[in-house]
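J.: Put chain B on the given structure of chain A with help from the hints.
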Amino acid sequence: MKFGIVTFPGSNCDYDAYHAITEILGEEAIYLWHKDHDLQNADVVILPGGFSYGDYLRAGAIARFSPIMQEVAAHAKGGGPVLGICNGFQILCEAGLLPGALLRNAHLQFVSARVRIRVENPDTMFTNLYQKGEILEIPVAHGDGRYFAPPASLDALEADGRVIFRYADASGTISADANPNGSERNIAGIINEQGNVLGMMPHPERACSPLLGSDDGVRLLESILARVAA
Amino acid sequence: MPKFRIAVHIVPRKGLLDPQGKAVTDALHTLGFEYVDAVHVGRYIVIETSADDAMAAGETVREMCRKLLANPVTEDFEVESGVPA
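First to last, the protein sequences are chains A and B. Just so we're aligned: 166 in this note's numbering is position 159 of the first sequence, and the numbers increase by one with no gaps anywhere. Just so we're aligned: 164 in this note's numbering is position 85 of the second sequence, and the numbers increase by one with no gaps anywhere.
No lab work stands behind these hints: they were computed from the structure. Just so you know, even glycine gets a beta-carbon here, dropped at the ideal spot from N, CA and C. Please note that a few of the clues may not be correct.
[Unchecked claim] Simulated pairs of lysine-lysine, BS3-like, Cα-Cα distance not exceeding 30 angstroms:
hint, chain 1, residue 1, chain 2, residue 2
1, B, Lys101, B, Lys146
2, B, Lys93, B, Lys146
3, A, Lys9, A, Lys84
4, B, Lys93, A, Lys84
5, A, Lys139, A, Lys84
6, A, Lys42, B, Lys146
[To be verified] Label pairs and their in silico Cβ distance ranges:
hint, chain 1, residue 1, chain 2, residue 2, range
7, B, Ser160, A, Lys9, 47 to 57 angstroms
8, B, Gln99, A, Arg192, 16 to 26 angstroms
9, A, Ser160, B, Arg145, 11 to 21 angstroms
10, B, Lys82, A, Asp130, 28 to 38 angstroms
11, A, Tyr38, B, Val118, 37 to 47 angstroms
12, B, Val115, A, Tyr38, 21 to 31 angstroms
Bound-form chain A, shown alone:
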């Protein structure tokens, strides 16, 4: 399977994603430049973390208008898998491919830490190798990670099982203490209506080896493989 990793000016997790796909997953990965108009037949698109366009205006606001994003949107509309991590999640929200927005962390500080997230819905192409309620240890590193959407929109996401990950403590309790950025309802990751576009603030590609403290992110990538190859 071929993964296309989009590099915007200011992306800084594109190599981490490349490493995870090629070295850990053992699949093919290519970099896609933001000015390209072609996904080069990638089966899965990853929008990596970083600070595309210096986060000018708002995180993700300008990356959204890159030429490659038209192709990513068309890929998504056709049911192709798209995974947005951190800045990638912000870009997906700005592009309207996911609802809501990511705002400045409530405590105003950049947070770089390993956090715990609870798997809310294992019945997606990104989470089918996890158990419902399983706690994963995955790092976050962001200044604008506070997920926000109007209450009615949050209710709809929850009712449809589209909240995929929530910040939780070790026992799986959803609490304010476990919430690293003040996200509404501890939301760490959501999926689109079609179920093929996932956005999440935590970095699964940085949790792919026990040497790095956790390999809980590997099964997310393997889930895509299991579902898309099937």
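T.: Just chain B, lined up with the frame of chain A:
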């Protein structure tokens, strides 16, 4: 076409948690400005553009706000009248 300068104010939508505004409010209280009730931190953008007239320039800038300059989920904007540049 004549040139215009148009200023845009973008602020967090009323009622939404505004941690930056809260932090500045707290700092002002510390400095002795105890009558400050609230502060809202936003962005001030000046656009220089050509247009048929000031009204057309304003309409174009409002469209820019809806498409890029403001986030429709979390921010409100106000466009000032265009002045000849």
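J.: Run every hint past the structure and note whether it holds.
T.: Tested hints:
Between Lys101 (chain B) and Lys146 (chain B) the CA atoms are separated by roughly 28 angstroms; this keeps the pair inside 30 angstroms, and the hint holds. Our distance criterion of 30 angstroms between C-alpha atoms is met by Lys93 (chain B) and Lys146 (chain B), whose separation comes to about 20 angstroms. Proposed proximity of Lys9 (chain A) and Lys84 (chain A) is supported: the alpha carbons are some 18 angstroms apart, at most 30 angstroms. Annotation: proposed proximity of Lys93 (chain B) to Lys84 (chain A) is violated, straight-line Cα distance about 33 angstroms (limit 30 angstroms).
For the proposed pair Lys139 (chain A) and Lys84 (chain A), the alpha carbon gap of about 27 angstroms is at most 30 angstroms, so the pair holds. For the hint pairing Lys42 (chain A) with Lys146 (chain B), the CA-to-CA distance comes to about 20 angstroms; that is within 30 angstroms, so the pair holds. Ser160 (chain B) and Lys9 (chain A) have their C-beta atoms about 53 angstroms apart, which keeps the hinted 47 to 57 angstroms range intact. Between Gln99 (chain B) and Arg192 (chain A) the CB atoms are about 22 angstroms apart, so this pair conforms to the stated range of 16 to 26 angstroms.
About 19 angstroms separates the C-beta atoms of Ser160 (chain A) and Arg145 (chain B), a value consistent with the hinted range of 11 to 21 angstroms. Roughly 57 angstroms separates the CB atoms of Lys82 (chain B) and Asp130 (chain A), a value that falls outside the hinted 28 to 38 angstroms. Evaluation of the 37 to 47 angstroms hint for Tyr38 (chain A) and Val118 (chain B) yields a pass: the beta carbon distance comes to about 43 angstroms. Roughly 49 angstroms separates the CB atoms of Val115 (chain B) and Tyr38 (chain A), a value that falls outside the hinted 21 to 31 angstroms.
Checked against the numbered hints given earlier, the structure breaks hints 4, 10, 12 and satisfies all the rest.
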